[in-house]
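Participant: Sequence:
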Amino acid sequence: MAATAGMAGILANMRVPDGVNPITVNLPKPPRLEGALAPNSFLSKAVRFADNMIAGPESMVVVNGYVYTGLSDGWVVEINPRGQVRRIRRMSMPSCGRSNAPEDACGRPLGIRADPQGYLVVADAYNGIFRINPVTGQYRQLVFARSQRVNNKTLGFINDLAVARDGTIFFTSSSTKWTRNQYLEIILEGETSGRVLVYNPRSAPGEQVQELVTNLNFPNGLELSADESYLLIAEAARARIFKAYIGQSSPKRGQIETFAENLPGFVDNVRKTPRGSYWVGLSSVRSEQNPSVLDEYGDQPNIRGAIMGLPRDQVMARAPKYAIAVELNQDGNIIRSLHDPKGTLYTSVSELQEEGDSLYIGSFERNFIGILKLSDLPAPVDPTSPAEVATTTVAPPLDGSSTPVPQDPVRKQLEDFLKQIQERLIPMNKTMVDNLVLALVEQLVNAKLAELDARKRVTALEQEVSGLRAQLGIDTTTPSIPSDTAGTTAASGTTIAQPGTTAAGGGAATTPSSAGATTPAGGSATTAQAATGGTTQAGASGTTPAAASGTTPAAASGTTPAAASDTTPAAASGTTQVAASGTTQPAASVTTQIVGDTTTSNNK
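Be aware that the sequence shown starts at 1, since it is given in full-length UniProt numbering, and climbs by one per residue.
Honestly, the hints are just simulated from the structure, not real lab data. The C-beta atom is built at its ideal place from N, Cα and C for all residues, glycine as well. Don't take each hint at face value.
[What the hints assert, rightly or not] The calculated lysine-lysine pairs, modelled on DSBU-like cross-linking and capped at a C-alpha distance of 30 Å, are:
#1 Lys252 to Lys45
#2 Lys177 to Lys342
#3 Lys29 to Lys272
#4 Lys373 to Lys321
#5 Lys29 to Lys153
#6 Lys153 to Lys177
#7 Lys45 to Lys321
#8 Lys29 to Lys342
#9 Lys456 to Lys373
#10 Lys321 to Lys29
#11 Lys342 to Lys373
#12 Lys252 to Lys272
#13 Lys321 to Lys342
#14 Lys45 to Lys342
#15 Lys45 to Lys272
#16 Lys272 to Lys321
#17 Lys45 to Lys153
#18 Lys342 to Lys456
[Stated by the list, open to error] Label-pair distances were calculated between CB atoms; the ranges are:
#19 Gly65 to Gln208: 30 to 36 Å
#20 Gly118 to Pro274: 18 to 24 Å
#21 Met53 to Ser375: 32 to 38 Å
#22 Lys29 to Asp453: 49 to 55 Å
#23 Ser203 to Asp299: 40 to 46 Å
#24 Thr136 to Gln210: 28 to 34 Å
#25 Val315 to Ser375: 35 to 41 Å
#26 Ala105 to Leu374: 40 to 46 Å
#27 Ala317 to Asp115: 39 to 45 Å
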């Protein structure tokens, strides 16, 4: 009992938090790091630009050697070629950007672009979209994330944007449920409230913001093709990029397809190059060598829900210290990759911006911008070469629908339970886990020994009673119990409930037995099963039937059967099944689609 209670206590602490409803996420097997993805160390060799003068440069735009970026403290800044920083405009309070900051009262500039008139267009995660004069700092707010609603839904977590030549702005709402500082929750839950929206400055007030694509799991980076005939949409948590055809003359106008899938990380921003290719930042690596949490537990939403209840620092500490960024050609094939295999300089890459021979690298985790010379990088790999194995394919988009949560079989080995805690659920110190399990094993062994001793004592007493009866000449034949008599009392004085009746006498639902109260074969004094027909056994109403020894009714191994279809199965012999409150239910079916007919006026 003590061992069972100990295990139950551990699982109870791992319950899914309230308000969390993770769904099943099915990702392809993560790619191997070979071919165009072969490991290298180029990211770790980047030169630090504006080192220790900025914090969290998520996105950048480079104009004539001047870099403009938004920081975690709310400032939009300009960095000249010498690395000197000039503040242009602050969008939030000084405390914003830290993990304990009051995010609901803050703003955080993320995606940033320059429009055709030379103004900066900034996506603020909490406040909306702003158009800023880079010289004076004067601004105009175009989209109001806190107050505007589209199709009766808030705009939520605004992330990246792309600006067309006619001033139309496409932008992502990564989630309407979670905020910028809760990006990990979006990934772990797998929810699909994300959207791509479009701001049309020529539309009537109140109609300027419309939905373009819906039902996405963490949409992030955006990029228009050079001819603006299609829009690339990064679906971060599904490690893929969609292509939405928006050009008015495009024969595929209104269609959406997969541009790149099974990428080696969760996709952040996408930026085109003068060569027609696309640099893709990856916020977290996923590969055959370093699978992500969704690769390991995509089909186990309850485990991901339990992870969401753990302290964020503990969860992030288990993330691989490895960074990757990739370059895709116009067909979505990986043609080049940059790595920091030990996390020396980067563990996450938000964006790569190419300007001349310089490649600027941003990360929301770092206090600098990295710069690499393109001339120092390896040449892109021909995607048709036999060495290229990390290509992606164009296919119809997945509909994002969820599937029922599969039931795990009851695990009967204590080693499996140790592995589940040690490797999947609780990032505890190994010594602590080993000591805990050893203590539980000791308690289980002691309980088993006590049970064997009790059986021996019962057997000895039965033999002694039989011997005394033989000496006294007492008949040892067991009286039979009539099967057709309701409420008949057995020789031991116990009342047996019949169909449609309740056992009388207020006794504790004991086992029908012969004289001498012997135990049915296969178990130690197990509880009587209820008769058919919906009868109630004697004993306290609603209580769990208990065995005479105080143990839970079980099979010969002593395991407790699961009590509900969606509860977490016990992982060891003799453990109690725990049904965590907040058990995950599969989400409603969702479909990724282009909504309406919103395009730029001069798109092709």
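Participant: Tell me the numbers of any earlier hints that the structure contravenes, in ascending order.
Facilitator: When the structure is compared with the hints, numbers 1, 2, 5, 9, 17, 18 and 21 turn out to be violated.
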